[in-house]
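Residue numbers (our numbering), protein chains in the order written: chain A, 1 to 112; chain B, 1001 to 1116.
Hints may be right or wrong, so weigh each one.
Covered stretches of chain A (in silico footprint by chain B; criterion: 3 or more residues with CB under 8 Å from a CB of chain B, positions within the stretch not fixed) [unchecked claim]:
1. 13-25
2. 101-109
To list a few chain A residues with every Cβ distance to chain B over 12 Å, as calculated [said to hold, decoys possible]:
3. V4
4. Q9
5. S30
6. N31
7. K57
8. K59
9. E67
10. A68
11. K70
12. N71
13. Q80
14. T81
15. D83
16. P112
For the chain B half of the interface with chain A, some residues (derived, Cβ under 7 Å), not all of them [as the list claims (entries may be wrong)]:
17. L1043
18. Y1048
19. F1065
20. F1107
By construction, these hints were calculated from the structure, which means they are not laboratory data. Everything numeric in this text was worked out from a predicted model, so none of it was measured. Beta carbons: idealized from backbone N, C-alpha and C, even for Gly.
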Amino acid sequence: GQQVMQIPQYQHVQEGEDFTTYCNSSTTLSNIQWYKQRPGGHPVFLIQLVKSGEVKKQKRLTFQFGEAKKNSSLHITATQTTDVGTYFCAGAGGTSYGKLTFGQGTILTVHP
Amino acid sequence: NAGVMQNPRHLVRRRGQEARLRCSPMKGHSHVYWYRQLPEEGLKFMVYLQKENIIDESGMPKERFSAEFPKEGPSILRIQQVVRGDSAAYFCASSITAPGLNTEAFFGQGTRLTVV
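Given the sequences, and given the hints that come with them, work out the whole structure.
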């Protein structure tokens, strides 16, 4: 079945440093979504990428979708303490139409 | 427009009891998904349902677990004869159409199940 791998599992940064998490799918995706989960909270949708090579920005966050639509990345510039949480990518489509397959997530800790 | 509502938020069950988790999707959403999450782990897909139909239950354990999404009322995830290993957070999500059709999923706040 479809697998979505995400690295790194943990990332500790000093406030102001940049952060990147990477996501790879075993199959070609129709779209990839990114979610953020605060400690003790629930996943909240951040963004969706659909087109090959697509790049989207939300303030300090930059999301990319690979040309082959099998990998994606999330980059945060100049992290802040409010960025702490777990960032998940989730792939849809391919052989698993109709369900979102989540990566394991990257737990981001930001030290002030 | 209320979000995805899950109840209860916290549920404690003794081994061998039944756990019933409820999820009311957002208004207008007919697609419901259940995920399980262990502490500091990812979201593991369990089941995908549309009204009155199970579309994909490939992530659901074959025994003791069942899910339904009736024509009227919330979606129910039922775990019979719970064991300690069932302790986890169970999240429900809903969407207007299937995710493969480029639509986001909205998550409920989850039910934290503790089996003692």
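Verification of the hints:
Residues of the stretch 13-25 of chain A lying with their CB closer than 8 Å to a CB of chain B number 0, which falls below the three-residue condition for coverage. Given as covered by chain B, the stretch 101-109 of chain A passes the check, having 6 residues with a CB less than 8 Å from a CB of that chain where 3 are the minimum. Its beta-carbon lying about 9 Å from the closest one in chain B, A:V4 breaks the requirement of being farther than 12 Å from that chain. For A:Q9, the non-interface assignment is contradicted: its Cβ lies about 9 Å from the closest Cβ of chain B, within the 12 Å cut-off.
With a cut of 12 Å on Cβ distances, A:S30 falls inside the contact zone with chain B, its closest approach being about 5 Å. Non-interface call for A:N31 relative to chain B: violated, since the shortest CB-CB distance, roughly 5 Å, does not exceed 12 Å. Consistency note on A:K57: stated as away from chain B, and its beta-carbon is indeed over 12 Å from all of that chain's, at 18 Å minimum. Look at A:K59: its CB is around 19 Å from the nearest CB on chain B, clear of 12 Å, so calling it non-interface holds up.
Consistency note on A:E67: stated as away from chain B, and its beta-carbon is indeed over 12 Å from all of that chain's, at 18 Å minimum. Listed as outside the interface, A:A68 is consistent with that label: its C-beta sits roughly 18 Å from the nearest C-beta of chain B, beyond the 12 Å cut-off. Look at A:K70: its CB is around 15 Å from the nearest CB on chain B, clear of 12 Å, so calling it non-interface holds up. Under the 12 Å C-beta cut-off, the non-interface status given to A:N71 relative to chain B holds; the minimum distance is some 17 Å.
Look at A:Q80: its CB is around 22 Å from the nearest CB on chain B, clear of 12 Å, so calling it non-interface holds up. Distance check on A:T81: its Cβ is at least 19 Å (rounded) from any Cβ of chain B, clearing the 12 Å threshold; non-interface status holds. No beta-carbon of chain B comes within 12 Å of the beta-carbon of A:D83; the shortest separation is about 18 Å. No Cβ of chain B comes within 12 Å of the Cβ of A:P112; the nearest lies about 22 Å off, and the non-interface call holds.
At its closest, the beta carbon of B:L1043 sits 4 Å from a beta carbon of chain A; the interface hint therefore holds under the 7 Å criterion. Because the closest C-beta pair between B:Y1048 and chain A is about 5 Å apart, less than 7 Å, the hint holds. Hint status for B:F1065 relative to chain A: violated, with the closest Cβ pair at about 16 Å, above 7 Å. Taking 7 Å as the C-beta contact cut-off toward chain A, the hint placing B:F1107 at the interface holds, the least distance being around 5 Å.
Hint check: violations occur at hints 1, 3, 4, 5, 6 and 19; the rest are consistent with the structure.
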